[in-house]
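Chains as they are written, first to last, in my numbering: chain A, 249 to 327; chain B, 249 to 327.
Among the clues, some could well be false.
Same chains, same names: a pair is fine if it fits in one copy or spans any two.
Lysine-lysine pairs mimicking DSS-like chemistry, simulated, CA-CA at most 25 Å apart [said to hold, decoys possible]:
#	residue 1	residue 2
1	Lys-312	Lys-267
2	Lys-267	Lys-250
3	Lys-267	Lys-301
4	Lys-267	Lys-254
5	Lys-254	Lys-312
6	Lys-312	Lys-258
7	Lys-250	Lys-288
8	Lys-312	Lys-288
9	Lys-250	Lys-301
10	Lys-250	Lys-312
11	Lys-312	Lys-301
If you are wondering where the hints come from, they were derived from the structure by calculation, not from laboratory data.
There are 2 protein chains.
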Amino acid sequence: MKIIVKVTLKNGVLDPQGKAIRRALASLGFEGVEDVRQGKLIELDIAETDPEKARAAALDMCEKLLANTVIENYTVELA
Amino acid sequence: MKIIVKVTLKNGVLDPQGKAIRRALASLGFEGVEDVRQGKLIELDIAETDPEKARAAALDMCEKLLANTVIENYTVELA
Chain A
249 MKIIVKVTLK
259 NGVLDPQGKA
269 IRRALASLGF
279 EGVEDVRQGK
289 LIELDIAETD
299 PEKARAAALD
309 MCEKLLANTV
319 IENYTVELA
Chain B
249 MKIIVKVTLK
259 NGVLDPQGKA
269 IRRALASLGF
279 EGVEDVRQGK
289 LIELDIAETD
299 PEKARAAALD
309 MCEKLLANTV
319 IENYTVELA
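Just chain A, with the same shape it has in the complex (with noise of 0.2 Å):
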């Protein structure tokens, strides 16, 4: 079973990563960016095919080593 995990920088944490794409995007001409947040896309493959128990699974992977949730948010899709 596939499972889109999105980790997400919270509102208010700083993002250089961002910063530096927004700024590239303008030096490359594009106007009217304004703003730019990067955050992380996992696709777990796991073998459990009960989508509950996937989802269980993967937001505990999440709680536990996927995402850093004092700044981090996070969601779980079945794919």
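We have chain A; now place chain B onto it with these hints.
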């Protein structure tokens, strides 16, 4: 207008970050994780309000900066 860009490695491209996550999950006791791939999630806030123009601009940004099209695929979604 908010745009979500997903950048993922093409099939067949080695993903050492994904492998590291997989090993770390295994060492934490998560069994049955068959594959992990890590990509990037980029949220753009742009001034353009016309959806078609916004999408076209985002695709152009992907080609020119956000994705390395030799090894990465990208998708653009208006949010």
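To see whether the hints hold, each was checked on the structure:
no.: 1; hint: Lys-312 <-> Lys-267; verdict: between (28 Å within a copy, 17 Å between copies)
no.: 2; hint: Lys-267 <-> Lys-250; verdict: between (32 Å within a copy, 16 Å between copies)
no.: 3; hint: Lys-267 <-> Lys-301; verdict: between (38 Å within a copy, 23 Å between copies)
no.: 4; hint: Lys-267 <-> Lys-254; verdict: both (20 Å within a copy, 18 Å between copies)
no.: 5; hint: Lys-254 <-> Lys-312; verdict: both (15 Å within a copy, 24 Å between copies)
no.: 6; hint: Lys-312 <-> Lys-258; verdict: within (17 Å within a copy, 28 Å between copies)
no.: 7; hint: Lys-250 <-> Lys-288; verdict: both (16 Å within a copy, 17 Å between copies)
no.: 8; hint: Lys-312 <-> Lys-288; verdict: both (16 Å within a copy, 20 Å between copies)
no.: 9; hint: Lys-250 <-> Lys-301; verdict: within (13 Å within a copy, 33 Å between copies)
no.: 10; hint: Lys-250 <-> Lys-312; verdict: within (19 Å within a copy, 30 Å between copies)
no.: 11; hint: Lys-312 <-> Lys-301; verdict: within (16 Å within a copy, 41 Å between copies)
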